[in-house]
Each structure stands twice: as C-alpha cells, then as structure tokens.
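In case you want the letters, here they are:
There are 2 protein chains.
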Amino acid sequence: MSYWHIDYHSKYQALTFEVTEVLKSIQSPYQKIEVVETPAYGKVLLLDDDLMLTEKDEFAYHEMLVHPTMFTHSYPQKILIIGGGDCGTLTRVLQHKTVEKVVIVELDEMVTQVSQEYFPQLVSSTQDPRVELIFTDGIKYVHNCTDKFDVILVDSTDPIGPAEGLFRLSFFQDCHKILEEDGILCLQSESPWIPELAELISYVNQDLKSLFPVVKAYGAAIQTYQAGFWLFQLASKKYNPLSKEIENKIKEADLKTKYYNPNIHYGAFKLPTFVNELLHEPS
Amino acid sequence: MSYWHIDYHSKYQALTFEVTEVLKSIQSPYQKIEVVETPAYGKVLLLDDDLMLTEKDEFAYHEMLVHPTMFTHSYPQKILIIGGGDCGTLTRVLQHKTVEKVVIVELDEMVTQVSQEYFPQLVSSTQDPRVELIFTDGIKYVHNCTDKFDVILVDSTDPIGPAEGLFRLSFFQDCHKILEEDGILCLQSESPWIPELAELISYVNQDLKSLFPVVKAYGAAIQTYQAGFWLFQLASKKYNPLSKEIENKIKEADLKTKYYNPNIHYGAFKLPTFVNELLHEPS
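The listed protein sequences derive, respectively, from chains A and B. Each residue of the first sequence is one higher than the last, beginning at 1 in the working numbering. Each residue of the second sequence is one higher than the last, beginning at 1 in the working numbering.
In isolation and in its complexed conformation, chain A is listed as follows:
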C-alpha cells in the first residue's frame, strides 16, 4: 500500500513524495535505515526518515562534491572520504586516473551493507583494490590519523546527531593537519535557503578561512535536498579552483557525467548575492 513520505526541510516546510513500497527497514546501532521505492525518484535511501540519496538524482550531489576538488588539485593520489557509506562519492573519486589510494571512513557499517543490496552500482566501487573501507567515527579517525592525504571529502549527513562534529573548527583543524602541503578539503555544507542552515554555512566559512588561504563556496541544484539548492565549501592550501588551466584538464579527462562539466566547474562558484552576504564575500 502506498503512502506519502514527509522529508522535513525545516520545522515549517517539507518535501513529500509517494512511496509505493518499503524495500528495507532496519535499525542500526546509530539510526533507522530504510530503502523505499518511489515513482518520482526511483529507490530512495532514508536515514532516520531523512532523505540521503535517490537513484534518479544522486549524480548531482556526488559529482559536485567530488569533481571540482579533484580537478582543482594538480595530481590527487591519496584521498580520504569521511562518511559517504553509500559509496556514491567513492564511485566518482575512482573515475580519476591519478588516484592510488582511497580511504573511506563511514560510521555505520549497516549503511554500506544496505546500499550494497539496493544501490550495487555505487557500492561495487569498493571492490577496487585502491579502496580501504573503515567503519569507525570519522572525527576520531582524523584526530588520530598519522597518514597524509591530498584530498579530504566530507560526505556527511545533516549537522544533527553524530554528524554535528563534522562542521566544527576542531575537525577542520585535524583535517588541515593531515592534508599535504598542497591539500584540499571539501565538504557538503547544506542549503543557504533554510535560515538555520544559513547560519551554519556562515560560521563554517569563517572557520575554514581561519585555517586555509583559499576558501571558495559553490552551489548545485539538487532537487531532493533542502530547498533544492546546495552549497559546498572547498578549502585549499595552495590551488585555486578558478584557475584557467583546470578547464583543459576537465576536457581531456572526458569523464562520464550527468551534472558536472567544464562550464559548471566555473559557473557553480558564481553565487547569488544573498549567499555571498552569508559568506562575507563581494557580489
């Protein structure tokens, strides 16, 4: 029997969509994990009732979290992914031929197990010999890590519960410490249309600017996330994501994508005035 799921974007607004079948519903030590079938989006992964990814549009979020940073770095070899147990981020990282090693640190092993069953096209990437999958707390992992990385991608849930610490200065400091001298950190940073999240974007931006010489936010249209418009923040020790030579690298790599392209790489950094104001940037 079908029903309409309600995905709250704030206390006062929500996305709602028809669910024709609950394919899986289990409780992990951390959260309720569900996969539902929907006419609008295909299969949808829900964590504690919050929409995490959909079969139809996961490409937009994952491509835009991964490719701008991977092309900004001149030669990214060692990559760390925090979160992202559905492996959509990992799948896009592995499209880059320079990659020699990817460590993916997911808190909840059952997210990956469920994803393997319902989103095998994403989780099959874990079979790549360059991948090391670790199930532990990403905050502690980064704090205790003695390795160095070229790129860190933070593919977190919303800043409530376990993911809250992934938006804090102390975590960014630890990331900075384990990045190489030309390393880049990129994180999903929520929707600027939602007042509570807009505040978060603003203070995350200030914290990143206190640590990295190059901090640039960019946006993407992701229909199933809050208000349909999502920000990412790229914090870099050396490389500028707006350098002109990146365009040719993107064209030469000729990756198979559905959202990201050479024009979007630059266009995504052009933000509306109200977002620039949150970031204390000129328009």
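I should point out that these hints are in silico values taken from the structure, not numbers from a laboratory. Since the model is a prediction, treat every value here as computed from it, not as a measurement. Glycine included, each C-beta is placed from N, C-alpha and C at the ideal position. Warning: the hint list may mix true and false statements.
[What the hints assert, rightly or not] Per the computed footprint, the stretches of chain A lying under chain B, defined by three or more beta-carbons under 8 Å from a beta-carbon of chain B, are:
| hint | stretch |
| --- | --- |
| 1 | 13-23 |
| 2 | 29-40 |
| 3 | 225-233 |
| 4 | 250-263 |
| 5 | 266-279 |
[As the list claims (entries may be wrong)] Simulated crosslink set (SDA-like; lysine to any residue; CA at most 25 Å straight-line):
| hint | chain 1 | residue 1 | chain 2 | residue 2 |
| --- | --- | --- | --- | --- |
| 6 | B | K256 | B | Q127 |
| 7 | A | K256 | B | P282 |
| 8 | B | K258 | A | N276 |
| 9 | B | K256 | A | H280 |
Given chain A's structure and the hints, the job is docking chain B onto it.
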C-alpha cells in the same frame, strides 16, 4: 487553525508547508486566488492551489527573469510584460533607467487587486507614469499588437490552462513580429528536474531557435518552485547575453538586488550536463 498546504510538483512529489492563516480566498472568472500566511515564506500567493510567489523569495525569480535580459539589451526603452499581475517583474523592470514605457498585460485583474492588498511593495510600481496596465489575454494582445518593443518578458503560470498558449510556437512568432530589430524575448521556462516539464523545455528551445539567431537558457535556484531549480530562455535578435561588456554595465547600474549580480549574470548560463542535453547543447 494551522494546516499544511500541499503544492504538487508532479503527480508523485510536492512541496508542503505550514499555513497559519488564510488571509484571502476568492474565485475570479479564471481561477481561485488565495493569500496565506506561512512561517517558512511569509505571505504566499496561490492560484488554483499552485504557489505563485512568496514574500521571502520572490526576489530570486523576478530578478532572474528581468535583469539578464535588461542588461543584455544595449538600451531597452519599451518593455512588454505578459502575465506578472503580481507586479514583481514590473518592479524590477522599473529599476532600469533607460525604460520609457512598460506595458503589462495580465489576464486576471483580480490577481493584481489581491496583490495590491497583500504585496503592496510590488504593486506600488503600477503608480509609475511609465506603466500601462492592461487586463486582457496576452496571447491575443500580442497577436493583434501594432506597437514595437525592445524587450518582451513572459511571466506566466505553469503550462496548464490559460498559460498553455504562452509556450507555443505561434505565440513566439507573434512576439518576434512585435520586437524591434534588436529586440529580446525572455520567458520563464519551468524546471528541468520534472520529466513532463523537461519535455516542454526541450520543444520551447527548438521553437525559439527556429525564430531567433541567439537562444540561451539559464538557471536559478528558486526554492519554492518545482524541484527548486528553474530555467529561463532568452531569445535575442542581435545581442549576446554573454558579451563581456555587460559586466561593466551591471556594475555601473549598481541596482539593489538580493540574487542577481555580475557574476551570476554569466554563471547562470553554465548549465548541468543533463540540462544541456535537453537543449541539444554541448557541455
């Protein structure tokens, strides 16, 4: 007593938001017109239950319908607005100092009357002596018009019911006929995320390309419209919206905006690959 309004974005998905008060609810000869108070968006105008504008984010849609075209034209003096009875588009057109005459053709006089009561900050623009407000069918008006315009802006409702004809080739042909030799037509053209609307975007683009030498689509993040991502199509007889000299004009005009700015002017035309595919454009 509060309730949650459901604004369907397709048969299978909807935006839903809390309504704390119905401020107005009347039936015009064409449609049900309502204004409701909401914690998420302030006052909201609904036509036949479909969200038309919100106090909080109307700036995004209206600025992005108006300013890219007005700055692309070298000296826009005579402007025609089809639809837009809430006068948000008119308000932004009048920010441009070159404007000598604006004709606004709205089908439903009661939309403007209700807007005057609840969105006076927008409708006060009708007091400007340069404005002529005509209540009639925009399709017939354009068909029978003997005047010429520099810019035509189509601020229509969704392509269902009376607005359907505003997405047809015959209407675009009539617009082309009443545009000056360097005139520009710009229309809102729905969300590329929704399959039914994506089809429409594709055929509107083909029709415009059959008439105008320069046709460019651009996007904007509009949280309360379908899937939060909206396309516009700009069809121009002469001027290219990506010309470099536009940047300086925007800076010099220094309009008060909350979304549009010189970077967004160019960035908005950089579209995701799946949208370029709809438009048969390279990525």
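Hint check:
1. Coverage of the stretch 13-23 of chain A by chain B holds [criterion: at least 3 residues with CB-CB distance below 8 Å; count 6].
2. Check on the stretch 29-40 of chain A: 3 of its residues sit with their Cβ under 8 Å from a Cβ of chain B, so the three-residue criterion for coverage holds.
3. With 3 residues having a Cβ less than 8 Å from any Cβ of chain B, the stretch 225-233 of chain A passes the three-residue criterion, so the hint holds.
4. With a threshold of 8 Å between beta carbons, the proposed coverage of the stretch 250-263 of chain A by chain B holds, since 7 of its residues qualify and at least three are required.
5. Coverage of the stretch 266-279 of chain A by chain B holds [criterion: at least 3 residues with CB-CB distance below 8 Å; count 10].
6. A C-alpha spacing of about 20 Å is found between K256(B) and Q127(B), which places the hinted pair at or below 25 Å, so the restraint holds.
7. A C-alpha spacing of about 14 Å is found between K256(A) and P282(B), which places the hinted pair at or below 25 Å, so the restraint holds.
8. Proposed proximity of K258(B) and N276(A) is supported: the alpha carbons are some 10 Å apart, at most 25 Å.
9. For the proposed pair K256(B) and H280(A), the alpha carbon gap of about 17 Å is at most 25 Å, so the pair holds.
Violated hints: none; the structure is consistent with every hint.
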